[in-house]
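> Those protein sequences? They're chains A and B, same order as listed.
Quick note on the working numbering: the first sequence kicks off at 1 and runs consecutively.
Quick note on the working numbering: the second sequence kicks off at 113 and runs consecutively.
In case anyone wonders, no lab produced these hints; they're calculated from the structure.
Note that the structure is predicted; figures quoted are calculated from it, not measured.
Check before you lean on any hint, since a few could be wrong.
Unchecked claim - Distance condition first, Cα-Cα at most 27 Å in a straight line; then the derived DSSO-like pairs of lysine-lysine:
1. B:Lys167 with A:Lys3
2. A:Lys3 with A:Lys68
3. A:Lys104 with B:Lys178
4. B:Lys153 with A:Lys104
5. A:Lys56 with A:Lys68
6. B:Lys167 with B:Lys153
7. A:Lys41 with A:Lys104
8. A:Lys3 with A:Lys56
9. A:Lys41 with A:Lys68
10. A:Lys37 with A:Lys3
11. B:Lys153 with B:Lys126
12. A:Lys67 with B:Lys178
13. A:Lys37 with A:Lys57
14. B:Lys176 with A:Lys41
15. A:Lys68 with A:Lys57
16. A:Lys40 with A:Lys104
17. A:Lys3 with B:Lys153
18. A:Lys40 with A:Lys67
19. A:Lys41 with B:Lys153
20. A:Lys56 with A:Lys104
21. A:Lys104 with A:Lys68
22. A:Lys40 with B:Lys167
23. A:Lys57 with A:Lys67
24. A:Lys37 with B:Lys153
25. B:Lys132 with B:Lys176
26. A:Lys41 with A:Lys57
27. B:Lys176 with A:Lys3
28. B:Lys176 with A:Lys104
29. A:Lys67 with B:Lys167
30. A:Lys104 with A:Lys57
31. A:Lys57 with A:Lys3
32. B:Lys178 with A:Lys3
33. B:Lys178 with B:Lys126
34. A:Lys37 with A:Lys56
35. A:Lys56 with A:Lys41
36. A:Lys40 with A:Lys68
37. B:Lys167 with A:Lys57
38. A:Lys67 with A:Lys3
39. B:Lys132 with A:Lys40
40. B:Lys178 with A:Lys41
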Amino acid sequence: EDKVVQSPLSLVVHEGDTVTLNCSYEVTNFRSLLWYKQEKKAPTFLFMLTSSGIEKKSGRLSSILDKKELFSILNITATQTGDSAIYLCAVLLMNRDDKIIFGKGTRLHILP
Amino acid sequence: GAVVSQHPSWVICKSGTSVKIECRSLDFQATTMFWYRQFPKQSLMLMATSNEGSKATYEQGVEKDKFLINHASLTLSTLTVTSAHPEDSSFYICSAREAPRAREQYFGPGTRLTVT
């Protein structure tokens, strides 16, 4: 059974701290790994990672994929209260419908 | 950018009634739409994959007779929750993909269903 596991499930830090969110996966027909940020409504896209070892960066957020270890991390530096959200890791499968399998998410809360 | 809308944003209905949720791609044609359900503090669970003009493919454990999906056009898919029960109360989110092998899925804002 395909699965995506995120850790930690919940994290509380102070503003300015750096956080690392983890995502491991066991799937057949891996195509890409995706990171999303979910606040009150639907997820918003952050990154898509397809190749190992290539860091993707967007402002204070960065992410990297290790296809050998089946693992990805999402880093957020100099956190701000606006970073408080659920961060979802997902895997895009290479099958007939190209389904996305989501992890349970990491609930991040930034204290002012 | 690609925009997906859902209607309604939230709905409260009585047990036993049916509720229809619409998912529209506003500025692109969606060959495939996906329907997800999210319970509080849980992740998104894929319910079904809907290809325009063909029957939806349901995930294991999702009752196709209870969750009717229609993808009649390239810009509209509907999910009808039939004979709703309180345990169907959830956040329903659709996503749409523009081309058959496109990687990007665009999510709608979601519909919160409460069944009393």
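> With reference to the structure, classify each hint as holding or not holding.
Hint-by-hint comparison with the structure:
1. B:Lys167 with A:Lys3: holds, 26 Å
2. A:Lys3 with A:Lys68: holds, 16 Å
3. A:Lys104 with B:Lys178: holds, 25 Å
4. B:Lys153 with A:Lys104: Between Lys153 (chain B) and Lys104 (chain A) the Cα gap is close to 8 Å, so the pair holds against 27 Å.
5. A:Lys56 with A:Lys68: holds, 18 Å
6. B:Lys167 with B:Lys153: Between Lys167 (chain B) and Lys153 (chain B) the Cα gap is close to 31 Å, so the pair fails against 27 Å, i.e. violated.
7. A:Lys41 with A:Lys104: holds, 16 Å
8. A:Lys3 with A:Lys56: holds, 23 Å
9. A:Lys41 with A:Lys68: violated, 34 Å
10. A:Lys37 with A:Lys3: holds, 19 Å
11. B:Lys153 with B:Lys126: OK: Lys153 (chain B) and Lys126 (chain B) at ~24 Å, within 27 Å.
12. A:Lys67 with B:Lys178: violated, 39 Å
13. A:Lys37 with A:Lys57: Judged against 27 Å, a Cα distance of about 15 Å means the pair holds.
14. B:Lys176 with A:Lys41: holds, 26 Å
15. A:Lys68 with A:Lys57: It holds: about 21 Å lies between the C-alpha atoms, which stays within 27 Å.
16. A:Lys40 with A:Lys104: holds, 16 Å
17. A:Lys3 with B:Lys153: holds, 18 Å
18. A:Lys40 with A:Lys67: Violated, because 31 Å separates the two Cα atoms, which is more than 27 Å.
19. A:Lys41 with B:Lys153: holds, 13 Å
20. A:Lys56 with A:Lys104: It holds: about 22 Å lies between the C-alpha atoms, which stays within 27 Å.
21. A:Lys104 with A:Lys68: holds, 22 Å
22. A:Lys40 with B:Lys167: Measuring from Cα to Cα gives roughly 31 Å; hence the hint is violated.
23. A:Lys57 with A:Lys67: OK: Lys57 (chain A) and Lys67 (chain A) at ~18 Å, within 27 Å.
24. A:Lys37 with B:Lys153: Roughly 14 Å separates the two Cα atoms, so the pair holds.
25. B:Lys132 with B:Lys176: The hint holds at about 14 Å.
26. A:Lys41 with A:Lys57: Holds. Lys41 (chain A) to Lys57 (chain A) sits at ~24 Å (cutoff 27 Å).
27. B:Lys176 with A:Lys3: Measuring from Cα to Cα gives roughly 23 Å; hence the hint holds.
28. B:Lys176 with A:Lys104: holds, 24 Å
29. A:Lys67 with B:Lys167: violated, 34 Å
30. A:Lys104 with A:Lys57: Holds. Lys104 (chain A) to Lys57 (chain A) sits at ~23 Å (cutoff 27 Å).
31. A:Lys57 with A:Lys3: OK: Lys57 (chain A) and Lys3 (chain A) at ~25 Å, within 27 Å.
32. B:Lys178 with A:Lys3: holds, 26 Å
33. B:Lys178 with B:Lys126: The hint holds at about 16 Å.
34. A:Lys37 with A:Lys56: holds, 15 Å
35. A:Lys56 with A:Lys41: Holds - the C-alpha atoms of Lys41 (chain A) and Lys56 (chain A) are around 25 Å apart, at most 27 Å.
36. A:Lys40 with A:Lys68: Cα-Cα ~34 Å, so violated.
37. B:Lys167 with A:Lys57: Distance ~39 Å between Lys167 (chain B) and Lys57 (chain A) Cα, so the pair is violated.
38. A:Lys67 with A:Lys3: With Cα atoms ~15 Å apart, Lys67 (chain A) and Lys3 (chain A) stay inside 27 Å; holds.
39. B:Lys132 with A:Lys40: holds, 22 Å
40. B:Lys178 with A:Lys41: Given pair Lys178 (chain B), Lys41 (chain A) holds - Cα atoms ~24 Å apart, limit 27 Å.
Hint compliance for this structure: hints 6, 9, 12, 18, 22, 29, 36, 37 are broken, all remaining hints hold.
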